[in-house]
Amino acid sequence: MEIDTRTMGQLIQLQMMNDIDLQGTSVQRTTSGSENSLFDILLQELMSAEGEEKTMTQDGMLDAGQMLSGSMDNALWYIMGDQMYNDAEFSPLPVEGTYSAGLPVTTGVGRDIDELISRASKAYGVAESLIKAVIETESSFNASAVSPAGAKGLMQLMDGTARGLGVSNPFDPAQNIDGGTRYLSSQLKRFGGEEKTALAAYNAGPGRIQRLGISNDVELMEKLHLLPKETQNYITKIENARLKYEI
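Per the UniProt record's numbering, the very first residue in the sequence shown carries number 1; after that it's consecutive.
Note that these hints are calculated values from the structure, not bench results.
No more than 30 Å apart at the CA atoms, straight line, and that leaves these computed lysine-lysine pairs for DSBU-like:
1) Lys189 / Lys122
2) Lys237 / Lys223
3) Lys122 / Lys132
Hey, can you work out the whole structure from these sequences and the hints?
So, in structure tokens, the structure goes:
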């Protein structure tokens with residue numbers, strides 16, 4: 001079965017109308033019910049057909065160039081995103097390494113940053129203390145930070161992830177915090193609110209976490225040694241940083 005561009009557009013419109021998380025079919029739903037939505041059924045068919053016939057490269061990974069071409073770049077990237085950074089090389093948010101100055105930001109710092117964090121917290125249901133801890137660990141609140149791997153801004157978004165989140169300027173604190181918090185929220189939903197697991201997915205990529213059979217914090221701690229040292233340290237850094245921002 002071949003699904004053309006018009007069908008893709010209809011699927012994306014259906015996705016948005018139904019307010020379903022655009023992270024794809026592997027996301028754990030917060031609502032209950034045994035029947036799949038129409039979107040889930042159609043998307044499954046799309047992924048099956050497109051995955052087998054069009055989007056697989058020689059090494060079995062989705063071709064980012066193909067997926068990002070056309071007028072539906074952002075939505076398609078976001079839907080199919082997990083398959084594109086299943087491994088460490090596709091990890092959206094590298095942490096370790098030195099940082100260099102980036103482009104000028106479009107908003108201020110300090111109080112403005114707090115307001116942006118508060119806004120994102122309310123919009124996506126992520127605790128302010130957790131957002132602040134992630135920002136401190138990722139960039140030390142340097143909105144112009146650029147990692148050696150190319151991650152940018154306060155929450156250290158890679159270019160592909162930023163595009164998928166609708167972030168046109170990762171050095172803009174408003175866009176970066178909104179996009180980064182939305183991505184973190186999607187991982188929390190995926191893993192049923194298990195924070196350690198969501199943080200590991202945020203750092204190492206959800207595909208790697210799921211391939212190890214990790215779905216909650218207990219399983220994460222049992223298999224933590226199988227993850228990169230960076231990810232192991234990342235969780236501890238976040239938890240330590242968060243203590244300063246707890247009320």
